[in-house]
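Between the sequences and the hints, there should be enough to build the whole structure, so can you do that?
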Amino acid sequence: MTEIVTAGGRVAPEARIEATTSVNEVVSIRPQAAYSTNGRAELDALDVLESEAIHIIREVVAEFERPVLLFSGGKDSVVVLHLAAKAFWPGRVPFPVLHVDTGHNFPEVIAFRDATVERLGLRLEVAEVQSYIDDGRLHERADGTRNPLQTQPLLDAIAAGRHDAVFGGARRDEDKARAKERIISLRDEFGQWDPRNQRPELWSLYNGRHTPGQHVRAFPISNWTELDVWSYIERENIPLPELYFAHEREVYRRDGMWRAVGEVSPPRPGETVELRTVRYRTVGDMSCTGAVESDAADVADVVREVAQSTLTERGATRADDRISEAAMEDRKKDGYF
Amino acid sequence: MTGTLFRFATAGSVDDGKSTLVGRLLHDSKAILADQLEAVARTSAERGFGDGTGFDFALLTDGLRAEREQGITIDVAYRYFTTGARSFILADCPGHVQYTRNMVTGATTADAVVVLIDGRKGVLEQTRRHLSVVALLRVPHVIIAVNKIDLLGYDEQAFIEVDADVRRVTAELGLDDVHVLPVSALEGDNIVTRSERTPWYDGPALLELLEQLPSLDELETELDAFRLAVQLVLRPQGGLAADVASDPERAESFRDYRAFAGRIGSGRVRVGDRVSVFPSGIETTVAGIDQAGASLDEAVAPQSVALRLADDIDAARGAVIVETGTLPEGRRDVDAELFWLDPRPLLPGARVLVKHGTATVQALVASVDSKRDLDTLAHEPAETLEANDIGRARLRLAAPLPLEPYGANRHAGSFLVIHPADGQTLAAGITEQ
Numbered sequence: 001m002t003e004i005v006t007a008g009g010r011v012a013p014e015a016r017i018e019a020t021t022s023v024n025e026v027v028s029i030r031p032q033a034a035y036s037t038n039g040r041a042e043l044d045a046l047d048v049l050e051s052e053a054i055h056i057i058r059e060v061v062a063e064f065e066r067p068v069l070l071f072s073g074g075k076d077s078v079v080v081l082h083l084a085a086k087a088f089w090p091g092r093v094p095f096p097v098l099h100v101d102t103g104h105n106f107p108e109v110i111a112f113r114d115a116t117v118e119r120l121g122l123r124l125e126v127a128e129v130q131s132y133i134d135d136g137r138l139h140e141r142a143d144g145t146r147n148p149l150q151t152q153p154l155l156d157a158i159a160a161g162r163h164d165a166v167f168g169g170a171r172r173d174e175d176k177a178r179a180k181e182r183i184i185s186l187r188d189e190f191g192q193w194d195p196r197n198q199r200p201e202l203w204s205l206y207n208g209r210h211t212p213g214q215h216v217r218a219f220p221i222s223n224w225t226e227l228d229v230w231s232y233i234e235r236e237n238i239p240l241p242e243l244y245f246a247h248e249r250e251v252y253r254r255d256g257m258w259r260a261v262g263e264v265s266p267p268r269p270g271e272t273v274e275l276r277t278v279r280y281r282t283v284g285d286m287s288c289t290g291a292v293e294s295d296a297a298d299v300a301d302v303v304r305e306v307a308q309s310t311l312t313e314r315g316a317t318r319a320d321d322r323i324s325e326a327a328m329e330d331r332k333k334d335g336y337f
Numbered sequence: 001m002t003g004t005l006f007r008f009a010t011a012g013s014v015d016d017g018k019s020t021l022v023g024r025l026l027h028d029s030k031a032i033l034a035d036q037l038e039a040v041a042r043t044s045a046e047r048g049f050g051d052g053t054g055f056d057f058a059l060l061t062d063g064l065r066a067e068r069e070q071g072i073t074i075d076v077a078y079r080y081f082t083t084g085a086r087s088f089i090l091a092d093c094p095g096h097v098q099y100t101r102n103m104v105t106g107a108t109t110a111d112a113v114v115v116l117i118d119g120r121k122g123v124l125e126q127t128r129r130h131l132s133v134v135a136l137l138r139v140p141h142v143i144i145a146v147n148k149i150d151l152l153g154y155d156e157q158a159f160i161e162v163d164a165d166v167r168r169v170t171a172e173l174g175l176d177d178v179h180v181l182p183v184s185a186l187e188g189d190n191i192v193t194r195s196e197r198t199p200w201y202d203g204p205a206l207l208e209l210l211e212q213l214p215s216l217d218e219l220e221t222e223l224d225a226f227r228l229a230v231q232l233v234l235r236p237q238g239g240l241a242a243d244v245a246s247d248p249e250r251a252e253s254f255r256d257y258r259a260f261a262g263r264i265g266s267g268r269v270r271v272g273d274r275v276s277v278f279p280s281g282i283e284t285t286v287a288g289i290d291q292a293g294a295s296l297d298e299a300v301a302p303q304s305v306a307l308r309l310a311d312d313i314d315a316a317r318g319a320v321i322v323e324t325g326t327l328p329e330g331r332r333d334v335d336a337e338l339f340w341l342d343p344r345p346l347l348p349g350a351r352v353l354v355k356h357g358t359a360t361v362q363a364l365v366a367s368v369d370s371k372r373d374l375d376t377l378a379h380e381p382a383e384t385l386e387a388n389d390i391g392r393a394r395l396r397l398a399a400p401l402p403l404e405p406y407g408a409n410r411h412a413g414s415f416l417v418i419h420p421a422d423g424q425t426l427a428a429g430i431t432e433q
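Here the protein sequences line up with chains A and B, keeping their order.
Under the working numbering, the first residue of the first sequence is numbered 1, with each subsequent residue one higher.
Under the working numbering, the first residue of the second sequence is numbered 1, with each subsequent residue one higher.
Hint data in this document are derived by calculation from the structure and do not stem from the laboratory.
A hint or two may mislead.
[As the list claims (entries may be wrong)] Computed spacing ranges between beta-carbons, pair by pair:
hint, chain 1, residue 1, chain 2, residue 2, range
1, A, Asp143, B, Gly349, 56 to 66 Å
2, B, Asp155, A, Gln214, 35 to 45 Å
3, A, Glu118, B, Ile282, 36 to 46 Å
Remember, it's a predicted structure, so these values are computed and weren't measured experimentally.
The beta carbon of each residue, even a glycine, is placed where N, CA and C say it ideally should be.
Take a look at the structure:
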């Protein structure tokens with residue numbers, strides 16, 4: 001475990017330190033910021049966004065007892081995990097990750113999740129929607145989507161882990177309701193977001209005070225756009241699940257989207273299965289996430305594609321957000337991410 | 001992507017066309033995508049929106065159900081767009097409901113504020129109040145967009161009159177970097193490119209200006225002394241990251257690693273610099289600047305780094321590492337300007353928490369001294385502050401904080417006032433000269 005010394009003195013007495021020269025030979029994870037001729041470091045937008053995110057992650061770890069990171073294997077949570085690794089380097093990421101497994105996940109994403117957790121030496125907590133359905137605590141919805149069913153297992157897992165802060169990879173450019181949410185967002189004992197009673201967020205002073213039963217959601221990449229995320233993945237060479245890149249897949253057309261053929265997402269009578277070259281812009285459930293036709297085979301291709309896209313990622317790929325203009329807001333009020 | 005980052009806030013009064021301006025900026029910089037446009041067009045049509053454009057831009061930023069249902073904007077919305085030169089974060093501040101709260105939220109992180117004026121109406125009471133908040137919070141650049149120039153027939157004389165009015169008010173408020181532009185958000189004049197319909201205006205278009213103005217980070221790197229508030233101390237010991245632990249020789253070299261992690265608030269730091277630590281006052285030398293595996297020779301605001309120091313000194317969360325010779329004094333009695341944001345009024349004798357940098361201390365409100373007339377900024381006697389009031393109070397702190405005048409250093413002079421029981425943010429505070 002990385003040891004963190006806080007104002008509260010959570011930690012053992014200081015070890016004496018010796019010469020510090022030995023650590024100068026560190027290996028560069030990424031190129032340093034470019035330097036202009038007058039010697040001033042030129043920070044580009046990604047440098048500043050990265051610094052902001054690392055600052056937020058460190059604040060939360062310093063001020064909360066039991067943070068956890070929601071980790072789905074999707075690109076946004078992968079980026080947050082990468083930022084956390086940088087924030088505490090050369091130590092390990094000092095908190096576990098939590099996955100709400102709907103049972104409708106893409107198998108390759110689950111494999112990626114497990115490999116990442118293994119590589120970084122993290123503890124993985126899993127909340128399984130399937131077990132809630134099996135014992136009757138939750139019921140399958142008529143439309144077959146399990147996205148809204150995640151809320152209860154999520155809240156139960158937060159309570160069971162006694163987590164007082166939950167990191168998420170949500171971004172404000174994803175959705176109009178998310179555009180209004182704070183970076184540190186207070187949730188009550190029912191996990192509910194109260195959009196009309198949010199704390200003002202001033203300067204870079206984050207107020208995470210909460211009473212017993214409450215917790216906060218922390219969104220370190222709130223200010224990143226989809227293009228920022230991809231540009232950062234390219235710059236930092238961050239591994240991702242393969243389905244973000246162009247591949248051949250059996251798909252059928254539904255609600256104007258290409259849906260993958262799978263055990264939980266079979267075509268209905270009348271829907272024609274075709275083999276298409278597709279990729280995913282978001283990774284959610286097989287039962288409600290659409291693929292886009294794409295030839296983008298690597299990260300550089302994706303960066304170019306995203307820069308030229310004429311559709312937002314949720315609009316292009318999420319059936320559940322098409323239900324109503326306030327679909328995301330309503331889910332968030334109920335305790336969703 | 002190689003551009004820099006620039007944050008700005010927009011503010012305006014009712015019906016001055018702010019939503020149209022924001023929509024125009026996003027639309028013309030291609031930040032609104034087809035499905036968003038479609039959704040807005042569909043909803044606009046459903047509601048019989050009919051101002052001639054058939055397109056209610058406010059629907060793009062009003063993200064909450066209550067906002068759409070009531071046709072009002074409740075809260076600050078953040079929007080993102082990029083040009084070749086810069087990526088922009090736009091904090092869209094509603095003007096009418098709780099305007100102080102929203103303006104303060106938007107202005108504390110803004111490199112610039114764009115205040116909209118309806119050219120036909122000139123400077124309104126609301127405009128003065130927005131500018132007052134901007135002045136008190138020392139937002140470095142103020143852009144006044146004199147909108148609806150099309151309805152004024154693109155008349156130079158009409159613009160000159162509003163411009164003179166604006167300059168008089170901004171001079172009174174002590175704002176120095178003020179840019180006044182004639183624009184039409186509806187027609188797109190001087191928004192993204194300079195308009196041929198205002199040949200008498202030889203200044204930049206709004207977006208050009210936003211691309212050129214120096215950001216706060218640049219200014220604070222250049223002008224202010226080095227400050228880093230310690231967030232936490234990195235001492236991995238046995239819990240090394242996998243890339244380090246996998247090489248036994250390397251792992252050994254990190255066994256005694258100890259570094260002070262934080263975000264540089266202002267200034268720059270180089271390896272070999274002499275630094276002092278608040279509160280102990282101990283002086284030492286910067287032995288290394290680490291950024292997740294990379295060793296830097298130099299770092300600047302607002303980079304998040306970990307500093308290794310040459311001597312084994314005591315510094316925990318709440319400590320501040322500064323350039324030697326600029327060590328601030330610890331203060332327990334603070335004369336502060338408070339932007340009161342909570343519905344519950346501030347009363348003398350109240351016990352609160354003050355969060356400054358990475359330190360949180362208890363505080364007692366010794367007295368409430370005055371509040372501002374928001375039209376003139378003059379102080380009036382007051383015994384209490386209510387929601388959206390701005391006024392002076394004296395605080396007594398339970399432990400000394402390295403508070404410096406806000407005008408000299410933004411991060412060192414700003415703090416939150418927090419309710420000790422329910423944790424609500426009660427006020428934004430800045431220290432006076």
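#### Entry: Violated hints - listed by number, lowest first
2
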